[in-house]
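A.B. asks: Chains as they are written, first to last, in the working numbering: chain G, 6 to 274; chain H, 107 to 602.
Among the clues, some could well be false.
Taking lysine-lysine pairs in the DSS-like style, the calculated list, with each CA pair at most 30 Å apart, reads [unchecked claim]:
no. : chain 1 : residue 1 : chain 2 : residue 2
1   : G       : K117      : G       : K169
2   : G       : K154      : H       : K464
3   : G       : K160      : H       : K464
4   : H       : K143      : H       : K213
Here are a few chain H residues that sit away from chain G, every Cβ distance over 12 Å (derived from the structure) [what the hints assert, rightly or not]:
no. : residue
5   : V127
6   : Q228
7   : R250
8   : I261
9   : G262
10  : R266
11  : E318
12  : T420
13  : K464
14  : L476
Hints were generated in silico from the structure; no laboratory data involved. Ideal placement from N, C-alpha and C gives every residue a C-beta, glycine not left out.
Spelled out from the first residue to the last, the chains are:
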Amino acid sequence: MSSGFETVADAPSSTTGREKRLLRPYGDTTGDGMVQLSFTLPLSSLGPLAKVAQGAAVQLANKMGMDPALVAHAKPMGPDFTFFVVYGRVNHLVDPSVVEIVEREYELLTPKEVNAAIKRTLRRRMVVVGACIGTDAHTVGIDAILNIKGFAGEKGLEYYRELKVVNLGAQVSVPQLVERAVAEKADAVLVSQVVTQRDAHLLNTREMSAAFREAFAPARRPLLVVGGPRFDETMSEELGVDRVFTRGTTPGEVASFLVHRLVTQRRAS
Amino acid sequence: MVEERRRSVSKPKLNLDPATVRRARGLARKVGRPIVKLAQAHTTVSVERATLRIAGLAGADPDGTPWVNRLADAVRADVGLEHGLALPVWDALLRGEAEDLETLAQKASAGSTRFRLPEGRQAQKARTAARRQVAAGVRRIDARRRERERLISRIGDAPRKPWIYLIVATGDIYEDIPQAQQAAREGADVIAVIRSTGQSLLDYVPEGATREGFAGTYATQENFRLMRAALDESSRELGRYVRLTNYASGLCMPEIAALAGLERLDMMLNDSMYGILFRDINPVRTFVDQRFSRQVHARAGIIINTGEDNYLTTDDAVEAAHTVTTSQLLNEYFAKEAGLEDWQLGLGHAFEINPDLKDSFRMELAHALLARELFPKAPLKWMPPTRHMTGDVFRGYLLDGFFNLAGALTGQGILLVGMMTEAVVTPWISDRDLALQNVRYVMEAAGDCTRTSALHRTGSSPSVPARCWGRPSTCWSASPSTTKDSSMPSPTAPSD
Numbered sequence: 006m007s008s009g010f011e012t013v014a015d016a017p018s019s020t021t022g023r024e025k026r027l028l029r030p031y032g033d034t035t036g037d038g039m040v041q042l043s044f045t046l047p048l049s050s051l052g053p054l055a056k057v058a059q060g061a062a063v064q065l066a067n068k069m070g071m072d073p074a075l076v077a078h079a080k081p082m083g084p085d086f087t088f089f090v091v092y093g094r095v096n097h098l099v100d101p102s103v104v105e106i107v108e109r110e111y112e113l114l115t116p117k118e119v120n121a122a123i124k125r126t127l128r129r130r131m132v133v134v135g136a137c138i139g140t141d142a143h144t145v146g147i148d149a150i151l152n153i154k155g156f157a158g159e160k161g162l163e164y165y166r167e168l169k170v171v172n173l174g175a176q177v178s179v180p181q182l183v184e185r186a187v188a189e190k191a192d193a194v195l196v197s198q199v200v201t202q203r204d205a206h207l208l209n210t211r212e213m214s215a216a217f218r219e220a221f222a223p224a225r226r227p228l229l230v231v232g233g234p235r236f237d238e239t240m241s242e243e244l245g246v247d248r249v250f251t252r253g254t255t256p257g258e259v260a261s262f263l264v265h266r267l268v269t270q271r272r273a274s
Numbered sequence: 107m108v109e110e111r112r113r114s115v116s117k118p119k120l121n122l123d124p125a126t127v128r129r130a131r132g133l134a135r136k137v138g139r140p141i142v143k144l145a146q147a148h149t150t151v152s153v154e155r156a157t158l159r160i161a162g163l164a165g166a167d168p169d170g171t172p173w174v175n176r177l178a179d180a181v182r183a184d185v186g187l188e189h190g191l192a193l194p195v196w197d198a199l200l201r202g203e204a205e206d207l208e209t210l211a212q213k214a215s216a217g218s219t220r221f222r223l224p225e226g227r228q229a230q231k232a233r234t235a236a237r238r239q240v241a242a243g244v245r246r247i248d249a250r251r252r253e254r255e256r257l258i259s260r261i262g263d264a265p266r267k268p269w270i271y272l273i274v275a276t277g278d279i280y281e282d283i284p285q286a287q288q289a290a291r292e293g294a295d296v297i298a299v300i301r302s303t304g305q306s307l308l309d310y311v312p313e314g315a316t317r318e319g320f321a322g323t324y325a326t327q328e329n330f331r332l333m334r335a336a337l338d339e340s341s342r343e344l345g346r347y348v349r350l351t352n353y354a355s356g357l358c359m360p361e362i363a364a365l366a367g368l369e370r371l372d373m374m375l376n377d378s379m380y381g382i383l384f385r386d387i388n389p390v391r392t393f394v395d396q397r398f399s400r401q402v403h404a405r406a407g408i409i410i411n412t413g414e415d416n417y418l419t420t421d422d423a424v425e426a427a428h429t430v431t432t433s434q435l436l437n438e439y440f441a442k443e444a445g446l447e448d449w450q451l452g453l454g455h456a457f458e459i460n461p462d463l464k465d466s467f468r469m470e471l472a473h474a475l476l477a478r479e480l481f482p483k484a485p486l487k488w489m490p491p492t493r494h495m496t497g498d499v500f501r502g503y504l505l506d507g508f509f510n511l512a513g514a515l516t517g518q519g520i521l522l523v524g525m526m527t528e529a530v531v532t533p534w535i536s537d538r539d540l541a542l543q544n545v546r547y548v549m550e551a552a553g554d555c556t557r558t559s560a561l562h563r564t565g566s567s568p569s570v571p572a573r574c575w576g577r578p579s580t581c582w583s584a585s586p587s588t589t590k591d592s593s594m595p596s597p598t599a600p601s602d
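This is chain G alone, in the form it adopts within the complex (with noise of 0.2 Å):
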């Protein structure tokens, strides 16, 4: 996670500067590669099925790479399922040069400097139009960046002088949302979901970036920023947003990123 408002931000970091190395699981010595692995067969164990039952869960080990495989618990639930731990070595090495992430592409600033930018470039607030969409109705994601009370000891973006915040809560259609980022000649858009079952955070994100593009000529659009727990970082180009934040984000990282995009940008280009 970030660090909060005080620090001013490192710059991003870089892609490159991570040397090549190779590693392995650490269980208790180096290099012994030794992980725990929890998991459900529908199989049962019961008197004489149990040899049968762990050396399932032994070869679903061996196949994920565990070799050796140890099955340290083997635990009935019910007549037709079976709970293990395995613990046992795995044979993979992993190199952390050739990860990809998301840098973030943008100074952390703090609220200060961000209505300070604002003011400075834009000349008028910028207006910020929030909603969960979609049967979603947890507030808990849209409520952390904007409501005044924030996420994690940073205060959300109706805290910011230079920002104007229309929350428009839970449930909000894809067309409700669009009329009203019209209407308030919105510069950025913040989608929450949380809901995932059947991929709907990612059906509704799709719906709503297909709608936008429709209303708005692409230079008017507004920004379009989705954020939930289950989004990975990667999907944004996918999804036809202009960034997708994840679990732990805070307000402050979005206020940055909206000013790094709308104001910084902008001046750039």
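Given chain G's structure and the hints, the job is docking chain H onto it.
C.D. replies: Using the frame of chain G, we list chain H on its own:
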């Protein structure tokens, strides 16, 4: 039996000042009374539709719009809602517009019936006819209540308190059923079927068995019936009556309460202010719907669960602790006014204090005990940690263990089982199994601590070492007065 004895011997541990408690209740009454007056003088579309449902109107048109909505909309368009639907509807039936409610609803939605507000003798006749038909529905609810009582006495009740409350939520009633039966087999005394997200804001109750829902399954009469039937089967198999819970909240709470009564649901989530505070529903409508739904629950012998946990999941559990107690007092006032009895008040409370705070467990214990002693006859619904479940399932398991311990030590009536995978996934079968092992261990290991201490305090069981209470001051130090309670036989503090 044991339960009864424990109650009778246990002495208050907090020594709450009775005058302060009386004053708190008096304030709740003062706040609540004008709201009750308002509720008595108003009706809502959902209250009216609930009345039609109790009178026997069920089903939906081919588009899935329930007939109660169709009929209510048609009557409302002709004569308005303020007089209630009963007079115009039964007047139309008496005029021979249709032979029964469903036909009337069909005709009305086709636009071939006009409604009027009858007067004089005709109004009297319509009133009598309406009363007779609705009373028949109320008798069906009464019959379901008696059926529950009969089943409990024949099959047996949950063997111990707290009742273990588990949630199923697949979105598909046919998936929910085997999961619920499995959960019952694993030890659940109460099964709650979480509703689909968004149902609270639907202004109609969906029809039929449903297989599509997000993060939950729609509350429908058929889903209620299917699940209750399945749990009746499990109850017989297990030799204990397994209770079924759903949600009477949101826009259709009166109708859902009526359906719960008709389908013998046993508990309903039903908070007096949740819709206003957390779902932005019109306050007048909420209070009117609330009162009606609670009257139905009272009649149907349903235990309500109130939603105080929401105050703690949306605010700091220490700073906002008083909001829980305030809401419990208001919920109690509104519930009693609507006819619910103490045993039906599952007043809510949750274990949500930041575990990084020093003395967090002590504060949890103190607050849980406050609820226990403020409402000594209410079952109390004890809700597990969610805010401080981080995804570290191992730490979460420990936190749930402490939650269970606080529940055991303070005699909570209904314990919602916490899942270590809270905030990670919707619970897996293994999560539930582990969670139940956690509950069982704590209840077996510490469930009798309250009894021990109580017996110990009355001096009736000197043989019990009262280990837990060896130093009551550490456990109950939230109540300094207790520790100095001289009426208590001197604690057999293990001399170490």
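A.B. asks: Determine for every hint whether it applies to the structure shown.
C.D. replies: We went through each hint and held it up to the structure:
no., hint, verdict
1, K117(G) / K169(G), "15 Å, holds"
2, K154(G) / K464(H), "23 Å, holds"
3, K160(G) / K464(H), "24 Å, holds"
4, K143(H) / K213(H), "36 Å, violated"
5, V127, "32 Å, holds"
6, Q228, "44 Å, holds"
7, R250, "30 Å, holds"
8, I261, "21 Å, holds"
9, G262, "21 Å, holds"
10, R266, "21 Å, holds"
11, E318, "9 Å, violated"
12, T420, "8 Å, violated"
13, K464, "18 Å, holds"
14, L476, "25 Å, holds"
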